[in-house]
Amino acid sequence: MSEIKGEILIKGGFVIDPAQNIDGDIADIAIKDGKIVERVSNAAKVIDAKGKVVMAGGVDVHSHVAGPKVNVGRLIRPEDKLFKSGVAHAPTRMEMGFSVPSVLKTGYDYARMGYGFVMEAAMPPIHAPHVHEEIHDTPIIDEAALPVFGNNWFVMEYIQKGEIENTAAYIAWLLRATKGYGIKIVNPGGTAAWAWGMNCLDLEDKVPYFDVTPHQILTGLMQANEYLGLPHSIHVHQNDLGNPGNYPVTLASLKLAEGVKTKNKFGREQVMHSTHLQFHSYGGDSWATFCSKAKEVMDYVNKQKNITIDLGCVTLDETTTMTADGPFEHHLHALNHLKWANVDVEMETAAGVVPYIYSKDVVPNAIQWATGLELALYSKDPMRTFITTDHPNAGPFTRYPRVIKWLMNKKSREAVLASMKKSDKVIDATTIHTIDRELNLYEIAAMTRTGPAKCLGLSSYYGSLKPGMIADVAVYDLNYKDMPSDPEKIESAFLRAAAFVKSGEIVVRDGEVLSHGHKKTVWVNPKMKENPQVKRDVTESFTKGYYTVGLTNYPVREYLAPHPFVIDVDVEA
Amino acid sequence: MPKLITQVGCPYCGSSCDDIEVIVSDDNKKILEVHNACIIGTNLFMHANDPTRPKLPRMRQADGSMKEIAYPEAIDFMAKTMLAAKKPLIYGFGSTNCEGMAAVARIAEKSGAVLDNCATICHGPSFLAMFDNGYPSCTLGEAKNRADVVVFWGCNPMHAHPRHTSRYSIFPRGYFTSKGQMQRTILSVDPRQTDTAKLADIHLMLDQGHDYELFDAFRTVLKGYDIPDVVAGIKKETIVKAVDIMKKARFCMIFFGMGCTHTDGRNHNIDAAISLTRDLNNYTKCSIMAMRGHYNIAGPGQVWSWIFGFPYCIDLSKGTHAHMNPGETSSVDLAMRDEVDCFVNIGADAGAHFPIQAVQHLKKHPFITVDPNFNMASEIADLHIPVRIAGVDEPGVVYRMDNVPIQFKAVIDGLPGVPSDEELFDMVYERMCELTNTQPVWIAAKEDRKHPANISAVNEA
Amino acid sequence: MATVTLTPTKTPELMLEANSVTPDAFAGKNAEQIATLECREGKTHVTIGDFFTVSGNAGATAAETDIVIAGDCTRVKYIGSKMTAGTVTVNGNADMYVGGWMKGGKIHIKGNVDSFCGIAMEGGEILVDGRAQNHVGCAYRGDWRGMKGGTIRIKGDAGNDIGTFMLGGTIIIEGNAFIHVSTHAEGGTVIVKGNVDGRVGGQMVKGTIYVFGEIKFMMPGFKKVDKVDLEVDGTKATFDHYIGDLGERHPKSKGKTVFADLYLKA
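Residue numbers (numbering that gives the first Met the number 0), protein chains in the order written: chain A, 0 to 572; chain F, 0 to 460; chain U, 0 to 265.
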């Protein structure tokens with residue numbers, strides 16, 4: 000693919016870059032041939048950013064944007080398109096859907112929000128060609144995908160036998176085969192149990208047949224991850240998601256990271272990333288006594304420095320839930336009776352999809368809304384706390400600007416709270432009304448670009464405006480020195496960037512998409528010496544036919560990731 | 000030296016077997032032997048050797064005869080015809096790879112067409128049921144490794160999906176089903192004594208067209224209520240026994256076919272089957288799967304869902320957004336109601352499969368067929384454009400009936416000068432952009448693939 | 000009140016998508032302006048004036064606007080769709096989506112209608128003197144929120160899928176119906192004065208169905224519980240009362256399970 004050539008100067012904006020401790024200094028950002036540089040010639044195209052905020056392109060650490068379950072969500076929900084889709088006009092193509100947008104709308108909307116990198120949060124390995132087909136049809140944004148490992152038969156067998164090296168060798172093989180990025184774990188053991196209609200709600204519940212526990216799976220994969228020295232840590236969706244009183248399981252899972260040391264060359268400091276923590280921070284023992292335990296959970300996260308989290312904020316929309324946590328989706332369907340799709344995947348994982356309406360007038364939903372925001376507001380380290388909505392589970396990613404508004408503006412939170420039918424019950428079950436904190440732009444930049452880039456081991460490429468970085472630069476129409484008193488202006492500024500430069504090309508001006516960009520697929524290539532046992536085990540699972548596809552047809556072919564950005568990892572055994 | 004190619008995908012049914020072994024000639028031009036495939040699959044491979052395969056587009060002349068023309072002329076005609084039409088209909092994709100389906104989406108959007116696929120006359124009702132009620136399903140390996148009760152409802156894989164029962168559903172020994180058929184209880188629900196029904200432990204020979212009532216009876220029994228003595232021609236005792244078997248299964252798998260989708264009520268038969276599957280998950284594990292017909296007919300449902308959000312019947316004529324409502328935007332309805340003014344038939348045979356009145360309406364307007372072979376739709380067309388055969392002389396991704404993507408190989412070289420579906424559609428798209436003086440939209444990731452090297456030969460034809 | 004009369008001047012080659020033929024779109028416009036309102040024929044942009052002569056000016060609001068189409072609209076879709084007030088009268092047939100997503104006002108079709116009449120309707124009245132094709136008062140594909148309110152009266156026969164996913168409102172079929180009445184419904188009332196082939200109330204959670212004629216094939220999930228005397232749409236009669244669909248989930252109210260009710264004239 001042709002490299003992007005040319006010079007751009009983003010002039011006179013308030014620069015915010017936590018990676019360089021820059022907070023609102025007026026400076027120019029120079030771009031040449033796709034990279035940020037010290038200076039450019041007079042011939043550079045100038046973007047006037049005077050009176051506007053300039054940040055690195057956004058980095059989304061966790062979003063469901065491509066692959067089989069996302070597409071099931073699109074397929075089973077025509078009503079998510081009716082009267083709810085965008086209106087296409089040149090040069091963009093049609094963009095369809097609200098909660099589960101089409102790939103085109105996904106790329107356009109992220110770009111309009113000034114995001115340059117998005118991590119697809121769960122790739123079933125056998126479906127990897129599908130994930131990559133969707134990724135290469137998604138315009139503008141760079142993407143990577145995390146294969147799911149937490150219920151994989153090979154992983155469970157090696158861990159059961161205490162074989163970390165074999166676990167690591169298998170992970171290395173699968174990352175190469177699927178062109179994946181790192182280790183995703185969804186409801187460890189529970190999804191495997193779901194294949195027989197069961198679940199693991201506690202860390203010590205045994206997985207049927209495999210004689211291994213969620214505790215062992217988490218610990219084993221954490222060790223294997225550090226053995227390999229991958230850019231990202233294990234990325235964990237814990238057991239017992241979404242249920243009242245689940246926070247002790249959450250804390251027990253987080254505690255597994257205590258004493259574990261990182262080993263990597265990518266600047267990553269955490270050994271565990273705990274995703275959509277909002278869904279795991281509940282007290283009470285029923286929906287009647289349901290309450291937020293965000294404070295308790297964040298007190299632990301704040302002091303345990305080797306973990307990172309993302310929020311999974313509920314945005315109070317009609318959306319579509321989708322997760323590899325198969326038993327959870329079945330449970331959710333039993334609560335709301337809406338259509339339920341399920342995909343159990345041989346040897347590897349499962350997934351479920353159920354539409355869901357989060358209503359501010361339904362008390363548990365309103366408590367979930369408060370819980371997500373509380374997590375961020377109790378955070379003492381924005382570089383370890385990232386803004387997500389677990390798109391589209393707690394709300395679509397197009398609501399990030401709304402979440403930012405709520406976090407930056409107490410008045411806007413109080414307005415939502417006051418509009419709730421049973422706000423007194425919500426106040427009883429949460430602490431949101433007692434929190435005065437309003438996050439500033441520096442903290443928002445840490446939570447939406449610099450922090451996630453570091454957590455993913457990508458801080459040499461994304462999340463900062465240092466010379467040498469990929470030139471992803473967003474300009475937002477917000478005056479650092481004179482922030483708007485109307486909170487809606489914060490949301491609208493982040494929803495439609497004044498300008499977005501992606502890999503050195505201007506792709507958005509005044510919130511409108513101008514170009515389809517030069518997107519890349521990012522994947523990790525662990526270089527590890529061949530492990531004969533793992534090779535034999537993998538081969539046998541295909542020749543004995545436990546897999547129903549051929550071994551040579553399993554790895555993703557090169558042409559499906561036509562513009563790869565491969566991160567090599569030399570594994571020191 | 001002839002060459003052996005292994006783990007080849009088969010371009011026949013929705014089982015999309017990828018364990019075929021093909022021996023090809025030293026020069027990669029001829030298929031010599033095909034192993035492991037069923038007889039239909041074998042014939043599809045062998046057919047690629049046919050020396051009479053069309054190598055050039057053919058245009059209908061004023062006297063009614065067909066005359067060979069060069070590809071650029073055919074591409075120009077197709078682009079102009081579709082742009083000129085108020086509402087073209089593009090139908091087919093029974094034998095196209097996913098790359099071709101993504102490419103055709105570009106020309107459909109550009110020309111304001113309705114984009115539809117064979118599901119519209121096959122498993123379209125299954126989509127309608129999924130819209131209304133979801134789809135608790137799994138990959139075929141789950142059925143193979145775990146299912147101890149397998150229900151074939153309105154389908155006859157012994158004929159329609161010849162290797163399905165040996166690879167996935169009845170005979171194979173899986174991880175938790177090491178005794179194979181011995182370990183499985185097979186139920187067949189079919190008004191006919193099919194070869195699949197003959198294999199079943201219980202055959203419920205229901206009255207044709209009463210599947211919905213029978214599913215309701217199953218659900219009512221499962222909920223613990225009484226039912227009438229006979230439902231849909233089946234005795235209460237038999238229904239109660241069948242429900243008991245399904246409820247006590249460790250893993251119950253329901254496969255359904257056109258017997259459900261093409262009798263009265265259509266989508267609601269599947270709708271009820273999905274409800275039954277869901278109910279059974281309160282007792283045990285149960286999954287359901289559509290027996291999709293062609294090797295990549297699940298493909299358009301996937302590709303177009305990620306591009307437009309809909310699997311089929313996609314009306315792009317509004318220009319700003321896609322609209323889908325089968326019953327209105329479905330091919331046969333559009334044709335019967337005389338609602339389209341150009342027809343493009345791709346990798347399928349509307350000439351053979353549509354009602355005659357529908358074909359008569361379509362024939363009033365320009366009729367273009369894109370297909371590697373001669374078929375009824377090519378013979379009644381105004382323009383027939385041959386392409387390579389996806390899965391034989393063109394590789395690509397296909398989606399098996401369980402939506403697992405399988406990366407098919409090409410086993411022989413394509414006919415010189417004959418483009419793939421993707422190449423053809425991309426050239427038509429570029430021509431449309433030239434004609435409308437607009438910029439083509441290539442997602443950057445596609446730009447390396449849009450001008451394959453071997454296409455220069457095409458233009459010299 | 001002001002009346003706008005549209006007189007068809009030609010038959011569309013394809014189908015005319017006349018989303019703008021509603022009192023809401025006409026309100027405040029004169030005949031000349033109405034003639035310029037946009038419609039679609041396939042991908043071509045056309046106007047009302049291309050297919051109709053327009054006479055009379057609209058009222059200031061939708062509620063003060065009556066539309067009369069003095070001729071046949073067999074090939075015209077979306078008449079009165081999404082309207083909130085006023086009236087539309089068609090002196091002939093109409094195609095699909097008559098009164099779709101309608102919120103208020105009245106539509107009177109003096110001929111037949113095609114499918115999706117009153118789809119996802121929320122309020123108002125639709126009267127069809129002739130027959131209706133399929134999907135009268137049904138939900139849009141995939142939506143569990145079907146017809147919520149209003150009344151649809153079809154004087155002739157209707158096809159399949161009447162009131163699918165219905166939540167409220169009333170549908171009256173004075174003739175016969177084919178199959179699938181109130182499938183998946185969670186409310187609302189359907190009255191069929193003629194016969195129904197079958198599949199009445201399948202997967203139905205809540206709501207009411209009255210059938211005056213005969214149901215050829217009864218759903219096995221419906222159970223007869225008693226006999227009641229009722230007055231239904233002006234007719235007094237004795238009905239056999241069934242509850243169901245017993246195979247489907249049902250909510251509980253005050254400790255008692257709530258079923259859907261089917262009344263079949265005894």
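Hints are computed from structural coordinates only; laboratory data are not their basis. Bear in mind that the values here come from a model prediction, so they are computed numbers and not experimental data. Note that the Cβ used here is the ideal one computed from N, Cα and C, for glycine as well. Each hint should be verified, as a subset may be incorrect.
Unchecked claim - Not the full set, but computed from the structure, chain A residues with beta-carbon under 7 Å of chain U: (1) Pro77; (2) Leu81; (3) Lys83; (4) Asp427.
Claimed, not checked - Calculated pairs, DSSO-like style, for lysine-lysine (alpha carbon to alpha carbon, straight line, at most 30 Å): (5) F/Lys178 / A/Lys205; (6) A/Lys420 / A/Lys302; (7) A/Lys409 / A/Lys302; (8) U/Lys102 / F/Lys234; (9) U/Lys109 / F/Lys246; (10) U/Lys215 / F/Lys247; (11) A/Lys420 / U/Lys215; (12) F/Lys246 / A/Lys83.
Going down the list of hints, with the structure as the test:
| no. | hint | in the structure |
| --- | --- | --- |
| 1 | Pro77 | holds (4 Å) |
| 2 | Leu81 | holds (6 Å) |
| 3 | Lys83 | violated (11 Å) |
| 4 | Asp427 | violated (27 Å) |
| 5 | F/Lys178 / A/Lys205 | holds (26 Å) |
| 6 | A/Lys420 / A/Lys302 | violated (36 Å) |
| 7 | A/Lys409 / A/Lys302 | holds (26 Å) |
| 8 | U/Lys102 / F/Lys234 | violated (47 Å) |
| 9 | U/Lys109 / F/Lys246 | violated (53 Å) |
| 10 | U/Lys215 / F/Lys247 | violated (34 Å) |
| 11 | A/Lys420 / U/Lys215 | violated (48 Å) |
| 12 | F/Lys246 / A/Lys83 | violated (41 Å) |
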